[in-house]
Structure formats: C-alpha cells, structure tokens
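Visitor: Spelled out from the first residue to the last, the chains are:
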Amino acid sequence: MRTKWIGKSFATFVLLPFCLLMAFPFVWMLLTSLREQNTIFNGPIIPRKFTGVAYKNAWTSIDFPLHFWNSVWITSVTVIGVLIFATLSGYAFAKLDFPFRNTLFVLLLTTLMMPSTALIIPLYLELKSLGLLDSQAGLLVLYISGSAPFAMFLMRAFFQTLPDELIEAARVDGGSELTIFRRVILPLTRPGIATVVIFQFLSTWNEFLIANTVLRNTDALPLQPVLFTLMGQYSTNWPALTAGLTLSVVPVVIVYVRMQRQFVAGMMLGAVKN
Amino acid sequence: MATTLSRHDVVRRSAGRTSYRFGSPLRRSQRIAGYVFIGPTFALFLAFVLWPILYTAYLSLTSWGGFGSPRFVHFDNYSRMLHDPVARRALIVTLVLTGVTTAILTFLGLVTAVLVNVIWSKVGVVVRTILFIPGIVSFVVSAVLWKLIYDPNIGTLNRLLGAIGLDSLQHPWLADHKTVLPAIVVVTVWGGLGFNMLIYFAGLQSIDPNLYEAAAMDGANTVQQFRHITVPSLRIVTGLIVSLGLLNGFKAFDVIFVMTGGGPNHGSEVLGTYLYSLAFGSTSGSIPQLGYASAFSVVTMVLCTLAVIAQLWLTRRADR
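If you read the sequences in order, they're chains A and B.
Taken in order, the first sequence gives residues 1 to 274; the numbers are from full-length UniProt numbering.
Taken in order, the second sequence gives residues 1 to 320; the numbers are from full-length UniProt numbering.
Simulated from the structure, these hints should not be mistaken for laboratory data.
Watch out, some of these pointers could steer you wrong.
[As the list claims (entries may be wrong)] Per label pair, the in silico range of CB-to-CB distance:
1) T111(A) x G66(B): 20 to 28 Å
2) T111(A) x F72(B): 20 to 28 Å
3) G39(B) x T236(A): 51 to 59 Å
4) T111(A) x A216(B): 43 to 51 Å
5) R182(A) x V126(B): 56 to 64 Å
6) L20(A) x L314(B): 31 to 39 Å
7) F226(B) x L30(A): 33 to 41 Å
8) G261(B) x L30(A): 23 to 31 Å
9) E36(A) x V185(B): 31 to 39 Å
10) V185(B) x L30(A): 23 to 31 Å
11) D208(B) x L166(A): 25 to 33 Å
12) E36(A) x F75(B): 54 to 62 Å
Using N, Cα and C, we set each Cβ at its ideal position, and we do this for glycine too.
With the hints as extra help, turn the sequences into a complete structure.
Guide: So, in structure tokens, the structure goes:
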C-alpha cells in the first residue's frame, strides 16, 4: 500500500510540471491577447492591466464573423455529407453480401493513407478543369470525397458489432434494405455516428492546405487560411493575432470537452481496427 | 422474437443452399442494395482519390508548366531530383524529422501513459485533457503560437531567458540552420503527444492485472514487470503509433509552411513544402513545375505506403 502511494506521488511530481509546460503556449496566448499593444515589447511578463480591445480589433479588421460563418458552413456540410456516404457504404461493407465486396474494400483501404500533401497538385488541376476552383462547392467535394473512406472504415467497424440476426429478422418481416437500414440499423449506431461527427468536425475545421490552395477569393475563405494571412499582416500586433487564434479555437475546445467520451471511444476503435 | 428468429433461420439457410446460383430474391435485393449503398462513396473515391493518384504518377513523367499539354520526359524528373541539392536536403530533412519525432513521441507517449496510469484517477483525467488539447487545435494555430514563442526580438522564449539572466542563450531560433529543426520537433511533439499517450493508456488499461500479480508473487520487481509484461503486451499499440508517426512525418506540411516556409535558405525544407513551392509558389514569378513537383508527390506516396507496410509487418510479428 505504501509503495503504491509513493508511486502515485512520484507520478504526480513528474506530470504536473510537464502539464504546465504543455499548457504554457495556451496560457501565453490568452495573456497576450488581453495585453495592451504597447506592453508587448518591454512590459512585465504578466500584464498588470487587462483589456479586451484586441478581440474587437480582430473581430472587425478581418471580418471575423464572415470567415467564422464560412468555417461553420463548410464544416457542417462536410460532416453531413461524409456521414451520409460513410454510413451507407460502411453498412454495405459490414452487413450486405455482394460480389467483389472484399476487392472493393481493399481498394478503398489501400488509398486511405494517401496524404493531401501528395495529392494537392492533381486535385487542384482537377478542380480547375471542372470549373470548381475558387468555389466552396469545389472545396466541399474534395473534403467529402477525401474523408468518406476513413469514416466508412470507422462506421463499418461499428456496424460489425451489431448482430446479423437483427437484420435477417427484419428481412423476413419483409422490410426493404433501405427501410431496414433507416428503421433498424441507424437508431442503433448513434455512438458510431457521434464519433464520425466529432472526428470530421475537428479535421475539417482545422484543414489548411487544401482550403489555402483551391480558394483564392477572400470572401469564401474559412478561418484557417485567414489566420495564416493574419500572421503576415499582424506580424507585430500580437494581441490582435492571439485574439484571432483564441476565437478560432473556442468551438474546437467546446466540442472536444462536450464530446470527449465519444472521441476517445472512437479513437480506440479506429486504433484497434487499424 | 425467438420463434421468428428460428423460423427465419430455416428459411434463410435453405434459401442460401438451394438457390444460390439463380439468386434468390433476398440475395438479389442485397446485391442491389450493396452496390447502391457503396455507389456514391465509390464514385467520389474514383474521381477524387484514385484518379488523382494515377494522374500525379503520370505527371511525374512529364514536364509541364500548366499551359498547353504535358511533354513526356520519361524519368528525367527523378534523375533531376538526385542532382538537385535542395531536393536531397528536403528528403534527408523529411527522413530525419520523421525518425526523430517518431522516436520521441513513441517514448514520451509510453512514459506519460504509464505515469497517468498509476496516478489517482481524478488527477489522471485532468492530466489527460491538458496533454490532449494541443492535438485538437489546428496546425496553423499551433504553428503561429510557437512562431510567437520563437520570435527573436520579442519572442516569449528569449524574453524568459532574459528574465532569468540567461541572455547568452537567447537565439533567433527559426532563423538558424542549427536550431530550426529541433524547434520544429518540439512543436510536432507538443501537438502529437496527447494522441499517443491516450492510445498507450488504453493499451495499458487492457492488460490483465492478474499478470502483474502473478509476476509479483514470483518475485519480479517493477522494472522486470515493465520489461516482461507491459512492453510485450503493447506491441500492437506500438506498431500503430510508430506507423502513424511515420505517416505524419512523411506528409508534414502545415507547421513548417506556416512557421518557416521551408527556410532559412531551405534549412527546414521537407518534401511537402518543396513540392508546394515548385507547383504553387509563384513568389519568384517562375513557371510552375508541375511535372517535377509531381515526382515529389510520388516519393511521398511511396514513403507512406512503406509506413503502412511496416505497420502490417510489425503487427504480424506481434501476433506470433
């Protein structure tokens, strides 16, 4: 019993300073955003006076509401789109029997790991020839098609945990495959859907490379590319810059804290099945 | 319910056996539904995943500025890569950064998970959340944050060093060839640690506690228990963490692009940033080199495929 207590104390002793170190950039971000601009060069490390003026600056000078709304819109459509594609195909791969099922599945799997860094050139050219460059529609198509296979993979893992008897009983009772899917299966896969939603929300909200490449029209941009340009414009106005960062992080932290459990559960499932 | 099931089982089994070749109505509707359900996903996949992969492989064998049609040049782009000092440096930096961050992330992930696992569980929840938050903010946010910390004039790091009287250690961290790569490693580890810790933590929780009790009975000390129970039990988890680390390293782009843009003087150039500047970086007003850039796409894809194969290999060995 005593050795256990020593172990716990030791672990705390090591972890707490480490946590402070890990949290430091965020603490610093908040402190800087609440500082007065003229104290960033030589003021005390912890400011004596706090002000919210930087948030006002960030909010108005880059039209924050517009880009925030763009991010919300793009993320929502992507999440819903991915969810539709992934639940349908994940269910088919898990529970329906059709020729070439495994071949098609392996084909989808082998390309799962291809990063957008490597595909950005052909994707850009493809959107250009489709006339979808510089439009949110083009970006949405790329987001949904790029994410659907992984989400399908997650959903398939969830569907596989459901017993076959359930579906077969419904078939005998005369339900069409679509009815079975909607009435019997979907209500049972809430946890799986929650996992896909939070994963997709985080990855879409945070995506930078593709958005920054295919959208040049400033008004259509989501937050991440705007934060990047903000860095160039406000290279010395740190309070406004960090205020912008803080505002962009708020939804992510809220969603994470509220859906932490599903997130961790989904990660485990993804990790185990991988 | 039970009767329905058993009655149904009989129907289904006999249907499956007798009429498979002709396709019973049940099976046919399943087949149609199967294709209808995967159809949309598969169409998108063909158009925006598989086609781009093949197209970039083709482009890598051409010379193309984006106008007119690509000129076929065989493997010229690849041999050019071998003689391009920036390309060689980018490849080496990619491999070194990937190797170092993966090693650190795997080691630290295991250590923090073990510590979180022994700590009081309420404290553990808080610690897990704190360690994980850096992983859920975007790479742009973390890159900008750390750029502010590393800033030579008014950066936090230099100010803190000055405040505790270590002015001699103050440094232009991102502008010096020697420190820029370690600085990037710190940012990557900061962002990726929580994920690895959490996966290791789940792995630790799934180890049967009886194993430890039995080992303790046999007189094994903590270190021996760790070596002979904990580490072997976590083999599959480790395989996953290592291969994800490799994948993330090979595709690295955002953090470096935002923090240094590949500089100073290509000092932190990786495959991703170099291919991006070749294809889209019109800063010098030069013609985009889509063919040459595509060759780097292909190299990146090959490396990522190798990482996946490595994981399969590690997992298979763990099964034995």
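Visitor: So, against the hints stated earlier in the document, which numbers end up violated here?
Guide: Checked against the structure, the only hint that fails is number 5, while the rest are satisfied.
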